[in-house]
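On the provided structure of chain A, position chain B as indicated by the hints.
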Amino acid sequence: MAAPVILPVGGSAVLIELPVLASADTTKAGSTHVGASSANVPLGASAAAKPIDLYRALRATAPSWVTELVPAATTVLVVFDRASVGLTPLLAWIDRALSAPAAPSAVAASAAAALGSLVEIATRYDGADLATVAELAGLTVDGVIAAHSEQTWTADFIGFAPGFAYLSGENDLLAAPRRSTPRPVVPAGSVALAAGYCGIYPRESPGGWHLIGTTTASLWDARRTEPALLAPGTRVRFVPDE
Amino acid sequence: MGSSFSRGSGCRYRGVVMNSGTTPPNQAAWFDVVAGGPLTLLQDAGRPGYAHLGVTASGAADRAAYTAANRLVGNRPGAACLETVFGGLELVVRHTALLAVTGAPAFVIVTRAAGSADKGEAATEPCIPAARETVVPTGYSFTVWPGDRVRLVAPERGLRNYVAVRGGFDAEPTLGSRSTDVLSRLGPPAIAAGDHLAVADEAGEWPAAESIPPRRSIDGPALLHVTRGPRDDWFGDSGWQTLLSGTWTVGIESNRVGIRLGGERRIDRLPGRGGELPSEGMVAGAVQVPPSGQPVVFLRDHPVTGGYPVIGVLTAAALDAAAQLRPGDSVRLAASVASNVSAAD
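Chains A and B are the protein sequences, given in the same order.
My numbering applies: residue 1 is where the first sequence begins, and numbers increase by one.
My numbering applies: residue 1 is where the second sequence begins, and numbers increase by one.
Chain A extracted, bound-state conformation (with noise of 0.2 Å):
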């Protein structure tokens, strides 16, 4: 079973990569290409599955010295305070994590429970490509709408611009890879499709996602105490709007 290796990167930052998993439930895949080279640090047997779980983890016992935490779809990216912290204490907080028991204790256990908070998103299935998202899945235009509104959705991760989550969801009736052209405009509140995950355009911007409908939902506002409406691991619901 690969384990968990942490990666250099310059002198204020460490990657964490997780093990590959091969599919969305628990069962760990082969190794990966991972401890190539010497500057690996090889860590012990994992308790958490996905990043996003490690990044909770983290985030719930990180230290001052601790400046951003990073999840993506394998890693968690440390960025730290170089002049506040050494490499042990940092290497030895991330073991603890890494290896945080499966019964989380209660302050981790709020600290999830309050990342994981459920939004519901309601959605007009209005895209442009909702033909052919039910196309390549095989599905009716309806079947598209259920199969994305009766799944829980989850984001892993934040990228491409602020508030933009990718969500995960529960199984994979609906994998759609990118459009061969991206579009030059895509609106704000486009919900989308690609690569296996689901998300929503926080702002108008140019997209390859295929879309499948829209939301008035305020994925981004900078002024909001919360600015962003999705953070990583938050779990999402999409409620069709008639």
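In case anyone wonders, no lab produced these hints; they're calculated from the structure.
Treat each hint with caution, since some may be false.
To be verified - Here are the simulated SDA-like cross-link-like pairs (lysine to any residue), alpha carbons at most 25 Å apart as the crow flies:
{"#": "1", "chain 1": "A", "residue 1": "K50", "chain 2": "A", "residue 2": "T67"}
{"#": "2", "chain 1": "A", "residue 1": "K50", "chain 2": "B", "residue 2": "G307"}
{"#": "3", "chain 1": "A", "residue 1": "K50", "chain 2": "B", "residue 2": "Y308"}
{"#": "4", "chain 1": "A", "residue 1": "K50", "chain 2": "B", "residue 2": "G49"}
{"#": "5", "chain 1": "A", "residue 1": "K50", "chain 2": "B", "residue 2": "G275"}
{"#": "6", "chain 1": "A", "residue 1": "K50", "chain 2": "B", "residue 2": "P303"}
{"#": "7", "chain 1": "A", "residue 1": "K50", "chain 2": "B", "residue 2": "L277"}
{"#": "8", "chain 1": "A", "residue 1": "K50", "chain 2": "B", "residue 2": "P278"}
On a predicted model such as this, the values are computed, not experimentally measured, just so you know.
Okay, now just chain B, sitting in the frame of chain A:
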């Protein structure tokens, strides 16, 4: 230069006493912008802590020059400066202020207004011109008076200058920072002719120095130190050596997000590394290698995640130096062994 004020409880500028607690007459207009130059942005220490929400830290591209500018006018760390490229910025002063310009070696031309500054001297010297120019090199603090015109000349080499005012430039902060993030489009818009610049309340202790020594100038290609990893294993020793050998040329498509390095050589992936890397967190200074084999160095407005493997990361000093590179400049990269996390402790 810069000796025309005295230190004390109230700030005294040649007879103009400004009590630190007094609200200026028109907070919204301390300077009028005559010209913004090619690009002038407000920048401070950035907004770290939001990368998990898709917001990069941003902030001054050349952090050492930005910090020095604030220190020269006695600002608290984190006060906002103007970050401007290739000179051309021109301001008219409305209220007496202490300024400093740092960064790329350049000059500031201060055109003194008739009858405003040095009034006493002018009265005893009837032949003095109605307006006269003072030339201030970068690295010095200097006082300006109402009506003075301040113009930044394009740097001899390098790209970015930082203009600090005692108190710091003001703007509505976004997520705790006045920085403009050109990638995420957060923060105030670029400074343009007709704008009025306000001064904030970020003044600290009076500065200990009125000048800083100029940066050591190096003839020939700029030298950037880089630590290895995290994805150097995609390219092997041969790819790493390709990065470090010879010179690269800074591409025209370079901005606060990153600079492109072009050259005769390409950094090839090892056989079996043909697939795509799942997107992962990025840092400023990351040296990404796209399939073209021509590296991209991320600066302060880099995307928070990226899908091309990062062969190495610039040191903090090299990141500042990279922010001063112009399109067409030659660059060499050299391995840094001291700053890598794995070599710490």
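### Broken hints, by number
none
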